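Make the full structure from the sequences, and use the hints.
Chains as they are written, first to last, in the numbering used here: chain G, 1 to 579; chain F, 1001 to 1153; chain E, 2001 to 2419.
Everything labelled a hint here was simulated from the structure, so no lab data went into it. Just so you know, not all the hints are guaranteed correct.
Only pairs whose alpha carbons sit at most 27 Å apart, straight line, appear in this in silico DSS-like list of lysine-lysine [to be verified]:
1) Lys480(G) with Lys1013(F)
2) Lys2143(E) with Lys1090(F)
3) Lys2009(E) with Lys2143(E)
Label-pair ranges, simulated between beta-carbon atoms [what the hints assert, rightly or not]:
4) Phe2324(E) with Lys2(G): 55 to 63 Å
5) Gln1011(F) with Val98(G): 47 to 55 Å
6) Lys1009(F) with Lys2009(E): 33 to 41 Å
7) Ser1034(F) with Lys2229(E): 43 to 51 Å
8) Asp40(G) with Ser1034(F): 34 to 42 Å
9) Phe28(G) with Glu2226(E): 47 to 55 Å
10) Pro2193(E) with Asp1023(F): 29 to 37 Å
11) Asp1023(F) with Leu41(G): 32 to 40 Å
Predicted model, so just to flag it, every value in this text is computed and none were measured. In this text, a Cβ means the ideal position worked out from N, Cα and C, and glycines have one as well.
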Amino acid sequence: MKMVNLIINNVKVTVEENTSILKAAKKFNMNIPTLCYYEDLGIKSDCRVCVVQVEGKKGLVSSCSTPVSEGMVVYTNSARVLNARKTIVELILSNHDVKCTTCIKNMRCELQNLAKNLGIDENRFPSVFERQPIDDNNPSIVRDPNLCIKCGRCVDVCNNVQGTSVLAFYGRGHETRVSAVFDEHLSDAFCTLCGQCASVCPVGAITEKDDTDLVWKALADPNKHVIVQVAPAVRVSLGEEVGQKIGTIVTGKMVSAMKILGFDQVFDTDFTADLTILEEGNELIHRITNGGVLPMMTSCCPGWINFAETRYPDILDHISSCKSPQQMFGSLAKSFYPQKIGLDPKDIFVVSVMPCTAKKYEAKRTEMSVDGENPDIDVVLTTRELGKMIKQMGIDFENLDEKPFDSPFGITTGAGAIFGATGGVMEAAIRTVYEVVNKKPLESLDFKELRGLEGIKEAEINLNGTMVKVAVAHTLSMAKVLSEQVRNGTSPYTFIEIMTCPGGCIGGGGQPYGTTNKTRLDRISAIYEVDAGMPLRKSHENPEVLALYKDFLKEPLGKLSHHLLHTYYHNRNNKSQTR
Amino acid sequence: MLLKEVLKKYQRKEDNLIEILLDYQAIKSNHYISKEEIIEIAEYLSLPESKVCSVLTFYTFFSDKPRGKHIIQVCKDVPCYISSQVNVLKTIEKELGIRVNETTQNQQFTLEFTSCIGCCEAGPAMRINDKIYTNLTADKIKAILSEYRVYMQ
Amino acid sequence: MIEMKLISKRFGKINPLSIEEYIKFDGYKNLKKAFSMERTAIIEEVQKAYLRGRGGAGFPTAIKMMALAKETNKEKYILCNADEGEPGNFKDRYLMENDPHQVLEGMIIVAYATGGTKGIIYVRGEYQKSISLLKWSIDEAKKKGYLGNKILGSKFNFDIEVRSGAGSYVCGEEFSLIESIEGNPGRTRVKPPFPTQIGVFGKPTLINNVETFSTIPTILEISGAEFAKIGTPTSTGTKLISLSGNVKNKGVFEIPFGVPIRDVIYKLGKGIEKDRKLKMVQLGGACGPIIPEYMLDMIIDFERFEEFESKTGAGAIIVIDERFDLFDILLKIVQFFQHESCGKCTPCREGHIQLANLIKKFVERKATMEDIVSLESLARVIHQTSLCGLGQTSPTAIISSLRYFRDDYIDCVEHSYKG
Ligand SMILES: Cc1cc2nc3c(=O)[nH]c(=O)nc-3n(C[C@H](O)[C@H](O)[C@H](O)COP(=O)(O)O)c2cc1C
Ligand code: SF4
Ligand code: SF4
Ligand code: SF4
Ligand code: SF4
Ligand code: FES
Chain G
1 MKMVNLIINN VKVTVEENTS ILKAAKKFNM NIPTLCYYED LGIKSDCRVC
51 VVQVEGKKGL VSSCSTPVSE GMVVYTNSAR VLNARKTIVE LILSNHDVKC
101 TTCIKNMRCE LQNLAKNLGI DENRFPSVFE RQPIDDNNPS IVRDPNLCIK
151 CGRCVDVCNN VQGTSVLAFY GRGHETRVSA VFDEHLSDAF CTLCGQCASV
201 CPVGAITEKD DTDLVWKALA DPNKHVIVQV APAVRVSLGE EVGQKIGTIV
251 TGKMVSAMKI LGFDQVFDTD FTADLTILEE GNELIHRITN GGVLPMMTSC
301 CPGWINFAET RYPDILDHIS SCKSPQQMFG SLAKSFYPQK IGLDPKDIFV
351 VSVMPCTAKK YEAKRTEMSV DGENPDIDVV LTTRELGKMI KQMGIDFENL
401 DEKPFDSPFG ITTGAGAIFG ATGGVMEAAI RTVYEVVNKK PLESLDFKEL
451 RGLEGIKEAE INLNGTMVKV AVAHTLSMAK VLSEQVRNGT SPYTFIEIMT
501 CPGGCIGGGG QPYGTTNKTR LDRISAIYEV DAGMPLRKSH ENPEVLALYK
551 DFLKEPLGKL SHHLLHTYYH NRNNKSQTR
Chain F
1001 MLLKEVLKKY QRKEDNLIEI LLDYQAIKSN HYISKEEIIE IAEYLSLPES
1051 KVCSVLTFYT FFSDKPRGKH IIQVCKDVPC YISSQVNVLK TIEKELGIRV
1101 NETTQNQQFT LEFTSCIGCC EAGPAMRIND KIYTNLTADK IKAILSEYRV
1151 YMQ
Chain E
2001 MIEMKLISKR FGKINPLSIE EYIKFDGYKN LKKAFSMERT AIIEEVQKAY
2051 LRGRGGAGFP TAIKMMALAK ETNKEKYILC NADEGEPGNF KDRYLMENDP
2101 HQVLEGMIIV AYATGGTKGI IYVRGEYQKS ISLLKWSIDE AKKKGYLGNK
2151 ILGSKFNFDI EVRSGAGSYV CGEEFSLIES IEGNPGRTRV KPPFPTQIGV
2201 FGKPTLINNV ETFSTIPTIL EISGAEFAKI GTPTSTGTKL ISLSGNVKNK
2251 GVFEIPFGVP IRDVIYKLGK GIEKDRKLKM VQLGGACGPI IPEYMLDMII
2301 DFERFEEFES KTGAGAIIVI DERFDLFDIL LKIVQFFQHE SCGKCTPCRE
2351 GHIQLANLIK KFVERKATME DIVSLESLAR VIHQTSLCGL GQTSPTAIIS
2401 SLRYFRDDYI DCVEHSYKG
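Pasting the structure below:
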């Protein structure tokens, strides 16, 4: 690699060629502010906040897009640069619904932060802002165009990472706007509600729908027995919300915090992840032995279900009929659990904490109701919302004791935990399916080829002498690749895992802000660390799950399972075209 | 002519999008592309509708709302402005009884502004559909408009 | 002699529809000559001629040709920029309407010299006549074997296609042009990579202006060295000038570089209409500087233009007489850019509307001294920080007027006070 010497703010530095000025400066501890730049996404270079002065150049250059060159002399903070940067931020604010104190992004907004750092206490430009309607008619995501700064991050993610093409730029010049096609509501525009747009939006223009009020209200209601389940991916990311290092495992403290918040029982979704494996694993075996529809595709990711129902309605019978772990928990929480503790299901208020925005929608599906009337899950919170509640309550998270999850959904296995990472469901399934079919223990439980951030991963497993190919995809662009094969009948696989979000749930749309591939890898290692540290690492060895079958469900794929733990999908492509 | 017939002329290549929109919009009497047509074009080219829509809203030739049979576009830039003996826009507004960005009630004319159309040596200039008219005077404008009015009967 | 007709020599002398008349008038002669030369020798001639791009930026054409020639990709595009959307510019239309084959010949020679495989002419949608003439001429050239496979019996294949714009000035900017050809909104891309590396459809692409291509046959005809003798040492050859506004004789004139602006206005343009007084002249087009009467002795060449911190060499001269108010003119200019901005980058998207608001205060005589400061500061930030040439050059008129017409501003503020 060729090295390049340059001078940044009078500091002599040497970096690899083709490094951007932005990265070079950062490497030497000089941070240049940015707005449109987002690690791992394309360079858009449109906000112009990162401009710097380069000796010999007439204008200022954007440091995110300009590569270093030999002998370059750069000033990142000269008077001219500061004035330009300030002017740019003032211009943004002159077309912005400035309302920080009541904004969902208050104190965590990149624009607000930038304005503060630049010392903008007055805007020289009069406001030219014109109010537009807010789109909040879906359960997951709120899009407030009045706060959009046209940075293009969401458009990039939606088109290039997810391949969903819901969001785009319309119009031009001052009339440029980001919207769904025909200015439809997201819900009508085939949005998968994955929330990846929300996780990268630097401002409050796309956010999760905040449901914390509903939870506070339930917690304050003495007649409600409020229980909560926490998804596998939350324990390795919540720490970031409360100031801990990325990838810190905070399981025990998280349970304590939720007890302080007032939840009557704190349960682990890992438990129903184990249950999912038993149901889904048996479904797979059933499909293989009875000539059922193959490849079978996983069903635990609601963004993927939304994607398939709108874009691939013709392959819905490939998708496992198993409900997601969240919804399996929901059915049990409104059937088995009230029976067991002797309460009326109506008095039980079920909250989930998920890394995901699409889970909010999933919980609202009419199918997801044991009594056919009330939703099994009352409220879904994202990791960010739980973090917000912890802060609202003033909990000193760091100094909390560690507490275990409550029974009967408290004992879990490593297999359930790794559901949070791309490839995890597959790995967990193989651990069980292999042992059930081959009736002998696996030599190694670690399927390294299924781990990591590669878009599509493959493995082969030996089931009773037949080699079976499986594949794992994360991001919807990758899901598209595998779905096309399934549609065309060219899929070489028997079983396919699909996760909507990059990296799987640990990279979900409801996870702490600032998620990058590096963050994802750190969270993934934490998840596998949880797995490795568990006394039990196979779902079919979970004693509470086995007890549940013995006492209540009887057998995987049995009548009650079918009623409580399985579901069906709809063709939602009412527009008869591919998007 | 049906959209299908226009589409048939073009290969299913993304870069034909603008040509298709131009071609089809020109033969439509109300000179716009409807939602249904956007969907059909998107499907033909295997593009997301959002893409078709963003192209449609970027270029000023296109409209997603119905317009009149004849689109009058008056140049609003400096060379035409300083060469004008008359206020072209006002003259047309008076003549047709509409304001800029409006369509006459009989759906015959829509009046719009345009950026410079490259006839600065012969300003003031305007475009009606594909045709350019230059060196406009009040009388000339009236004559041109009445010609179009005759056409339409 | 102020005029010098090299590339406009056939204007009005031949029927542009007739390839025979073009051929009779030295047409395609230089293509044959090119075929008898080494490819590198052709580029050398262009280099010796020191031909600089006629589309505005004045970048040396030979450097771009060399860059394309060294790319090894099997497919290479030769793109002719005929988007000519800048108010005050119409000389490319004259070239296409009066001598379409000259454009084609230039493109074919450049393609041959650089290994180009496919040509595209992107013509603004308003130029319907140019579009049909070019399409016709391409067909004619194909019939005669100047285009298509095995051109003139050689092994060289090259074809040209015409694409229409759809109403967007910014599509004249290189990457916006490429985006538009690919069927996208004309929003520019981040550079690097440059078009000669990754251009249209991901292939190496050479982009030149209509006039630049039209000059190529002449360079081969008279040789690069002879061409370089015309004009000034750093601005060689001739330039087409689009003269408009309040002059008696408007139109396109070909002059050697180095002619004073005054001569163009008073000799070619025959002076100001109705012998009014000249108030100001805008050079280059909407993105060019506005200068007062006393600067008219400035000669036309790239260097003088660059002094205005804008590279506006497209060759428009817009003459504005005493009847007009500086601020009315500036408002029209700013509104043009506000409307034509692609909306991608902040300073240009949000800045023009604020510039317009400020200028409106002057138009309405409600301005203060602070407004002068704000205007200057904002104009400079837009100029310095915009992503593409549009925003980088759009404030030139304002910035130059602040320099040369400061009195108008002060007067205006004083009048505003009186109220
Ligand atoms: C906003 C904008 C509009 C432009 N429009 C044109 C145009 O209409 N025609 C043109 O030849 N160049 C135009 N240019 C310049 C081109 O980007 C490019 O420099 C030129 O086509 C290169 O050709 P040349 O080297 O032959 O001049 C424009 C540049 C900008 C920034
Ligand atoms: S998006 Fe940011 S800057 Fe805008 S109102 Fe919200 S917190 Fe304030
Ligand atoms: S939620 Fe996902 S699919 Fe919907 S707009 Fe955002 S990124 Fe696109
Ligand atoms: S919605 Fe957010 S991410 Fe999308 S362009 Fe606007 S500010 Fe950027
Ligand atoms: S300067 Fe920026 S907004 Fe303006 S046209 Fe160029 S890229 Fe678009
Ligand atoms: S971060 Fe570089 S332009 Fe936005």
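Now for the hints, and whether the structure bears them out:
1. Lys480(G) with Lys1013(F): holds, 20 Å
2. Lys2143(E) with Lys1090(F): Answer violated: Lys2143(E) to Lys1090(F) is near 49 Å, above 27 Å.
3. Lys2009(E) with Lys2143(E): holds, 25 Å
4. Phe2324(E) with Lys2(G): 55 to 63 Å: Because 56 Å falls inside the window, the suggested range holds.
5. Gln1011(F) with Val98(G): 47 to 55 Å: holds, 49 Å
6. Lys1009(F) with Lys2009(E): 33 to 41 Å: Given a distance of about 39 Å, which is inside 33 to 41 Å, the answer is holds.
7. Ser1034(F) with Lys2229(E): 43 to 51 Å: Since Ser1034(F) and Lys2229(E) have Cβ atoms about 60 Å apart, the given range 43 to 51 Å is violated.
8. Asp40(G) with Ser1034(F): 34 to 42 Å: holds, 39 Å
9. Phe28(G) with Glu2226(E): 47 to 55 Å: Cβ of Phe28(G) to Cβ of Glu2226(E): about 54 Å, so the range 47 to 55 Å holds.
10. Pro2193(E) with Asp1023(F): 29 to 37 Å: Holds, at about 33 Å.
11. Asp1023(F) with Leu41(G): 32 to 40 Å: holds, 36 Å
In summary, the structure is inconsistent with hints 2, 7 from the numbered list given earlier, while agreeing with the others.
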